[in-house]
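K.L.:
Here is what each chain is made of, one letter per residue.
Number of protein chains: 4
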Amino acid sequence: MSSTYGTIFKISTFGESHGKAIGVVIDGCPSGVDFDEAYIQHELDRRKPGQSRITTQRKEADEFQVLSGVFEGKTTGTPIAMVIPNEDQRSKDYGHIAHQFRPSHADYTYTAKYGVRDYRGGGRSSARETAARVAAGALAKIMLSSQQITIQAYVSQVGKIRLGKEYWELDLSKTDDNAVRCPDATVAQQMFDFIDETRKKGDSIGGIITCVIKGVPAGWGEPVFDKLHAELGKAMLGINAVKGFEYGSGFDGVELYGSQHNDEFYMGEDGKVHTKTNHSGGIQGGISNGEDIYFRVAFKPVATIMQDQESVDDAGEKVTVSGKGRHDPCVLPRAVPIVEAMAALVLADFSLRAKNNKI
Amino acid sequence: MSSTYGTIFKISTFGESHGKAIGVVIDGCPSGVDFDEAYIQHELDRRKPGQSRITTQRKEADEFQVLSGVFEGKTTGTPIAMVIPNEDQRSKDYGHIAHQFRPSHADYTYTAKYGVRDYRGGGRSSARETAARVAAGALAKIMLSSQQITIQAYVSQVGKIRLGKEYWELDLSKTDDNAVRCPDATVAQQMFDFIDETRKKGDSIGGIITCVIKGVPAGWGEPVFDKLHAELGKAMLGINAVKGFEYGSGFDGVELYGSQHNDEFYMGEDGKVHTKTNHSGGIQGGISNGEDIYFRVAFKPVATIMQDQESVDDAGEKVTVSGKGRHDPCVLPRAVPIVEAMAALVLADFSLRAKNNKI
Amino acid sequence: MSSTYGTIFKISTFGESHGKAIGVVIDGCPSGVDFDEAYIQHELDRRKPGQSRITTQRKEADEFQVLSGVFEGKTTGTPIAMVIPNEDQRSKDYGHIAHQFRPSHADYTYTAKYGVRDYRGGGRSSARETAARVAAGALAKIMLSSQQITIQAYVSQVGKIRLGKEYWELDLSKTDDNAVRCPDATVAQQMFDFIDETRKKGDSIGGIITCVIKGVPAGWGEPVFDKLHAELGKAMLGINAVKGFEYGSGFDGVELYGSQHNDEFYMGEDGKVHTKTNHSGGIQGGISNGEDIYFRVAFKPVATIMQDQESVDDAGEKVTVSGKGRHDPCVLPRAVPIVEAMAALVLADFSLRAKNNKI
Amino acid sequence: MSSTYGTIFKISTFGESHGKAIGVVIDGCPSGVDFDEAYIQHELDRRKPGQSRITTQRKEADEFQVLSGVFEGKTTGTPIAMVIPNEDQRSKDYGHIAHQFRPSHADYTYTAKYGVRDYRGGGRSSARETAARVAAGALAKIMLSSQQITIQAYVSQVGKIRLGKEYWELDLSKTDDNAVRCPDATVAQQMFDFIDETRKKGDSIGGIITCVIKGVPAGWGEPVFDKLHAELGKAMLGINAVKGFEYGSGFDGVELYGSQHNDEFYMGEDGKVHTKTNHSGGIQGGISNGEDIYFRVAFKPVATIMQDQESVDDAGEKVTVSGKGRHDPCVLPRAVPIVEAMAALVLADFSLRAKNNKI
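Residue numbers (the working numbering), protein chains in the order written: chain Y, 1 to 359; chain Z, 1 to 359; chain F, 1 to 359; chain W, 1 to 359.
I should point out that these hints are in silico values taken from the structure, not numbers from a laboratory. Heads up, a few of these hints could be off.
Intra- or inter-copy, both count: the list cannot distinguish identical chains.
Lysine-lysine pairs mimicking BS3-like chemistry, simulated, CA-CA at most 30 Å apart [what the hints assert, rightly or not]:
no.	residue 1	residue 2
1	Lys355	Lys74
2	Lys74	Lys165
3	Lys324	Lys59
4	Lys272	Lys165
5	Lys355	Lys324
6	Lys272	Lys324
7	Lys200	Lys74
8	Lys165	Lys200
9	Lys318	Lys272
Predicted model, so just to flag it, every value in this text is computed and none were measured.
Next comes chain Y alone, as it looks inside the complex:
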């Protein structure tokens, strides 16, 4: 298992869905960063369950405690440990699946890998673990915001319902105005209704989150292997249920000619080099070029559904996995802060690595 991410701004998460607590240790945060507890809690609240009827009804306050690394409101340069207790564990809900392999969950693969698994609520494979990433990511966001960098994600597709507008046509400050976290109120309502309908059917549905990062200076990213978009891709693909990642022109760009796709340079009025178009998505040769960075993340429908499914158990016997308990019919609304958090962690690390570009 590797629950460690980052090269300088390094995080290590721990915890199972139904253990005592989940949490994160950040090793490598510079001293002097404002440890704004209210902001970190705010980010956790954006991810926590039970925000509306289209998210799981598990009850978790998700209130974090900081154990170390902060003194008089600032980071000190030493490791920062944050812990989030698990409250509503209901372990008894899970006895019936102790030996079953739920379809498209990680029950079988964890058992194949480790010979054992904590079956309660998916154990370590539960998306509950991402709360720890959100806490760490919130601190990374604070660090980046002092450099005027903003990271904004939003839901751009649910099932077949597409937002149909580019990010520059939207007012991203409205993203949190609705339960879906789609900045267009009309489309958001359609998505909400569709998710709610899916919920009533005991089913689940996927979607796409778009993320836009503004303010990154030219020069971040570490080719040839740790390209900026390669790390963003890895970080996004590491989020539960993610099946795809594309940045800039993405998959659609493959159909263009080079003469259409190339982004010509010009000198901006700000005295900086800019590009006329931005098919590159703000990254060239794996290094930021100062333009907006944007990318899209595909989420499959989550595996937990309230319907019966055929499967096998750990003795190889045929079983029917029955749908009960609580579930998220669509994980997208709660995944928005997770996408932002992971992007922030990637950028925080690159911001520190960039200090070593030149002697």
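The hints should help you fit chains Z, F and W onto chain Y, whose structure is shown.
P.N.:
Using the frame of chain Y, we list chains Z, F and W on its own:
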């Protein structure tokens, strides 16, 4: 810069397009792997320039030399250094772009990052560097093949021309039968003609490579951050010109319901757990489940075109970048062995990491 | 700051002397290791303050809680988080040194590095942090003991009082029979009296800990940089107050001729290769050879003394640092389990790395 | 095997004693460092064999070639590959030891670990590999010298002959004036005679190298595990034949009281905080404090001697290993540049890591 990849089977590449040589050091390869020089050279030949009229006419034999780590035909456990001299350097071709920022190349971003760049042929940002990865990947493939693992990539789309068949409908042994590396001869011819036409226009075009991996046992991959697909994604996004990655159901999967997308388990006649469908792409919870692993990689049209483009130079002056020299109108055919090599490096590393699953 | 140690069996510690808690996350422990809570607590008890009148009188129960990674008494392969709350914090004791740089403490260097420090009890630089290492090391010891590997440290010198016997002349099972942790009762009493006398003078004294590791098979260690003794050395030098490390013949060996120092090989009755002498200390070329591994660790007298000392404060003004509070006149007795813990962490990591020697 | 060192300024060495070449790749050197080829060659010349009659007579020009990462005389931020061809290989000299385990060499442990070894001249375990470290270290020294940091090592003991002066009593500019690299001409001559006598007996002898580093600013080092002295210790212990490391007061310091050992602070005339004494060796809490850093490294007598020794072969049969070929009767003179190189690599890495102390 980070030119190091892997945690146990670790590679470190070096070299510029027009320096003395490129190469790779592999640190962490176990002892006892057959060092099949002919096979490694064969893989390099699949990537080398000048294979047909739809690839760049740069002349490079790409013959590698091994400097260390091999004794009596086997790896010894010590670092393996392989070097590929640069022959056809034609540095004088590049004097005219010493100060220009070519659109959608890495000229500007390298300069922004390092304050300097080796401008000859793109320097370190040239895809020539990937030859070193192919050499290392060939060794990884040899190691994996002793475990009956095969990795097969092919061109599934060029511009708007799509192959239109799934991998299981194709005979992948025919991939290298044509210059495009598309296993369907008819579609391959269409692609060839289209690329050749694009070449004549002095333009370039993108496309998609699909890759299929068979034989990986259940249990490889290291969640929560180093999930198998997350590392595959990072490795693919680290290849020059790649803009997107998806595995299993990918972006299309977001439109399905969970009840459609979930892969039900059953006991196969081989006594192993299998899934009836494979939307998961052989990976669940970031760990292989024993089914085929498959993914798709989007390549943009390469930036070098034989047409004039507007840009700026490093003094901020407007310039016209004129198209001359040699170029690949479509990088896909030569990228097939690169995709395979990077996939092999990812899997070789996970195969070793998996040894530590259980006490 | 780097509070992470290990490549596969990886630990990340956190916590300050007077913060809420200290703790550790272990990422990379295989599944199936017995999580013997009583043994872990026993090791913590060996390190905890207040064991006798020659150790600091700070009151800490040092009772640990495990938050994750353990299920039904075994490790699961997921990260294991252990937390030890700080109880007897007495932060008010430290107000007077908030701005002073105590001689030979880390007050000045932390301030120089981070611009700030948590001055309460030395903050992160306090040896209290080593409790987290002992907890992690106890788990490593459990893992190693299943391979019949034992790690035994003992106090072999305090000030000028030397034990004067080699490890094979001693009964190491008696080490914990006295407060000094010296296996020779007579010498132990002399050491005790000397430490107690030093304590009464308000002074401190250094010493040497010897450590013996039995049962390591031939083949562990990763040259050329991660040699077995190089990692042991790093781990020991990372313990508070350590000034030197030597293994095998050590510093004395420099005076020998090669013809005296070389360890000739012979075949043992157990059918294994052995050496007639063991100047090599069980390690040759950075790799274990199957013989006993032994090394010595030099501890300076700890910096906290109950005497007035001249110094400066953070404004550059001359100050008198007055000795008050609690202190360990000799850190050696409590350092014995720390030495063992760090050695166990080094070996646990190498035991896993050794799985990748051969294909 | 781990032939990679460093976290930001990262080197990866390769090569066997009698393979085609040895070399190093440096990944993470900032751009803009003067690539002074003459200086790098000068450092290699200090290490190369055949400098006097008290070193091995193997003939190696040790002329390096740079393959990448340098443009117009400066580093570019991309990986720097340096290769040193092996010339005087005389592989036939080694046929007789193909199956023998030479006493106190790594023949047995490499075989135990890897099942195979390149027996020619010790293969990877030969100190010839350190030439690659010297080349990389020379570049690190150049980088550090631009910050007014100097690293000076010298031979302070050979067998029982001790220099008997502290570093501040010596003129270190005279170190290279004699073949022994001891800055006191009189003692150097005694050492030379003793080594020569040892050579004539076909024997070998150990010794101690002292190293002094001046100019390191306060604030370098990354506790709790990557303390400055812990990394120095690891780097030194990674050099062939090293058995011990101590810094500052070292092993002798254990006999002092805290009231004697503590270094009181005062304000220097330069406006900086200084210590009156320097038992700390320039490092407190694992972080540099601005004073001189000094340490001592113990080298055992090298294992190759020109005398017959008993041993076993890889079939477990008793054999006599006969002394023939070439050898270094005392490795110390040639190890001086190696010690300096490794210290430079440690410091170069910490200099870059220190950029991330504060936001």
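K.L.:
Hints first: check each against the structure and report whether it holds.
P.N.:
We went through each hint and held it up to the structure:
In the homo-oligomer, the alpha carbons of Lys355 and Lys74 lie at most 30 Å apart both inside one protomer (21 Å) and across protomers (18 Å), since each shortest distance falls under that limit. Proximity of Lys74 to Lys165 under the C-alpha cut-off of 30 Å is found in neither arrangement, the shortest distances being 40 Å within a copy and 47 Å between copies. For a Cα distance limit of 30 Å, the shortest separation of Lys324 from Lys59 inside one copy, 16 Å, qualifies, whereas the shortest one across copies, 49 Å, does not. Proximity of Lys272 and Lys165 under a CA criterion of 30 Å is satisfied intra-copy only: 28 Å inside one chain copy versus 47 Å between copies.
Neither within a single protomer nor between protomers do Lys355 and Lys324 lie at most 30 Å apart by alpha-carbon distance, with minima of 51 Å and 36 Å respectively. Taking identical chains as interchangeable, the C-alpha atoms of Lys272 and Lys324 lie at most 30 Å apart only when they sit on different chains, with a minimum of 27 Å there against 57 Å within one chain. In this homomeric assembly, Lys200 and Lys74 never come within 30 Å of each other (Cα to Cα): the closest approach is 46 Å inside a single copy and 40 Å across copies. Proximity of Lys165 to Lys200 under the C-alpha cut-off of 30 Å is restricted to the intra-copy arrangement: shortest distance 29 Å within a copy versus 36 Å between copies.
Within a single copy, Lys318 and Lys272 get their C-alpha atoms only as close as 64 Å, which misses the 30 Å cut-off; across copies the closest is 13 Å, which meets it.
Checked against the numbered hints above, the structure violates hints 2, 5, 7; every other hint is satisfied.
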